[in-house]
Amino acid sequence: MLNFNIDRVAFSLFGIDIYWYAILIITGVLIGAKFAQKEFVKRGFKEDFIYDLLFVILPLAIIGARAWYVIFEWDMYKNNPIQILNFRAGGLAIHGGILFAIIGIYFYAKKKEIPLIDILDVMAPSLAFGQAIGRWGNFVNGEAHGTPTNLPWAIIVDGVKVHPTFLYESIGDFLIFLFLINYRKKNPKKGIQTAIYFIAYGILRFFVEGLRTDSLMIGPIRMAQLTSVIYLIVGLYLFFKYKNINLKPYIKK
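Following full-length UniProt numbering, the numbering of the sequence shown begins with 1 at its first residue and continues without gaps.
Among the clues, some could well be false.
To be verified - What follows is a list of derived Cβ distance ranges for each label pair:
| hint | residue 1 | residue 2 | range |
| --- | --- | --- | --- |
| 1 | Lys38 | Leu247 | 20 to 28 Å |
| 2 | Asn244 | Thr213 | 39 to 47 Å |
| 3 | Ala10 | Lys110 | 51 to 59 Å |
| 4 | Lys248 | Asp75 | 28 to 36 Å |
| 5 | Pro188 | Thr27 | 24 to 32 Å |
| 6 | Asp7 | Thr213 | 17 to 25 Å |
As the list claims (entries may be wrong) - Straight-line distance between alpha carbons at most 25 Å, and here's what the computed DMTMM-like set of lysine to aspartate or glutamate pairs gives:
| hint | residue 1 | residue 2 |
| --- | --- | --- |
| 7 | Lys110 | Asp7 |
| 8 | Lys34 | Glu113 |
| 9 | Lys190 | Asp7 |
| 10 | Lys161 | Asp7 |
| 11 | Lys38 | Asp52 |
| 12 | Lys252 | Glu143 |
| 13 | Lys189 | Glu39 |
| 14 | Lys112 | Glu47 |
| 15 | Lys42 | Glu113 |
| 16 | Lys185 | Asp7 |
Hints listed in this document are in silico derivations from the structure and should not be mistaken for laboratory results. Think of the CB as a built atom: it goes at the ideal place given N, C-alpha and C, for glycine as much as any other residue.
Use the sequences and the hints to build the structure in full.
Dropping the structure here:
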């Protein structure tokens with residue numbers, strides 16, 4: 001069994017604490033970017049295209065993830081709104097980050113005259129990989145755990161054995177990544193990789209969220225489960241839209 005007794009601070013630099021959560025997120029982003037870079041280059045883009053894209057979408061993703069969390073935990077911030085800017089205290093929600101990142105990609109793709117779906121196809125496996133690594137930051141932070149269980153792989157939180165929901169999602173995200181990378185080699189049809197990501201992640205997160213004890217809520221509804229259903233619907237729409245069109249991926253001339 002794993003125990004939530006890991007120091008959140010990895011090290012201090014010039015008096016500033018550097019957290020494991022940030023290190024893991026950055027590691028996931030950088031490694032994921034390398035996979036995306038390789039695919040973009042195959043499609044005729046310059047090697048630095050991915051970094052230009054990340055320069056646009058990463059700040060938006062962070063803002064979106066924070067905004068999503070704050071909206072659904074407003075009672076924590078309404079009397080001290082300056083704490084909204086205190087990112088070091090934690091409080092990011094992946095669904096908000098993905099939404100704002102896609103908005104950023106949309107405008108970037110429009111400016112560069114590149115089909116949005118092609119950029120999403122390239123980025124989908126990298127996103128899944130980044131999520132797989134980033135979830136371990138939840139473990140270090142002592143968050144995103146589940147309900148009590150006696151299963152042998154339980155983790156101990158405050159003396160109670162609970163589901164390691166962060167681990168379930170990390171493994172699921174990594175399997176989505178592996179599937180998409182291998183699927184791309186065999187069938188690079190436009191739109192399908194994005195569709196598979198939304199379908200697979202929607203299903204994964206829906207069931208994992210049902211075990212969590214720290215869900216963002218709207219009344220009795222878990223917001224992440226509602227969003228996961230929307231992901232599933234979007235994924236199915238994209239799948240049936242593109243499965244018989246047989247469009248080839250965009251190649252930059």
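> Is the hinted range of 20 to 28 Å satisfied by the C-beta distance from Lys38 to Leu247?
Replying inline: Since Lys38 and Leu247 have Cβ atoms about 22 Å apart, the given range 20 to 28 Å holds.
> Is 28 to 36 Å right for how far apart the beta carbons of Lys248 and Asp75 are?
Replying inline: violated (50 Å)
> Within a Cα-Cα threshold of 25 Å, do Lys112 and Glu47 meet the stated pairing?
Replying inline: holds (16 Å)
> Does Lys252 pair with Glu143 here, judged by a C-alpha cut-off of 25 Å?
Replying inline: violated (43 Å)
> Taken at face value, is the distance from the CA of Asp7 to the CA of Lys190 at most 25 Å?
Replying inline: Violated: Lys190 and Asp7 sit about 44 Å apart, past 25 Å.
> Would the pair Lys38 and Asp52 pass a check requiring their Cα atoms to be no farther apart than 25 Å?
Replying inline: holds (15 Å)
> Regarding the pair Lys42 and Glu113, is the alpha-carbon distance no greater than 25 Å?
Replying inline: holds (18 Å)
> For the pair Pro188 and Thr27, does the Cβ-Cβ distance stay inside 24 to 32 Å?
Replying inline: holds (27 Å)
> Does Lys34 pair with Glu113 here, judged by a C-alpha cut-off of 25 Å?
Replying inline: This hinted pair holds, its Cα atoms lying about 23 Å apart.
>> Range first: 39 to 47 Å. Now tell me if the beta carbons of Asn244 and Thr213 are that far apart.
In response: holds (43 Å)
> Taking 17 to 25 Å as the hint, is the beta-carbon distance of Asp7 and Thr213 inside that range?
Replying inline: At 23 Å between Cβs, range holds.
>> Against the 25 Å threshold, does the CA-CA distance of Lys189 and Glu39 hold or violate the hint?
In response: holds (14 Å)
Hint compliance for this structure: hints 3, 4, 7, 9, 12 and 16 are not met, and every other hint is.
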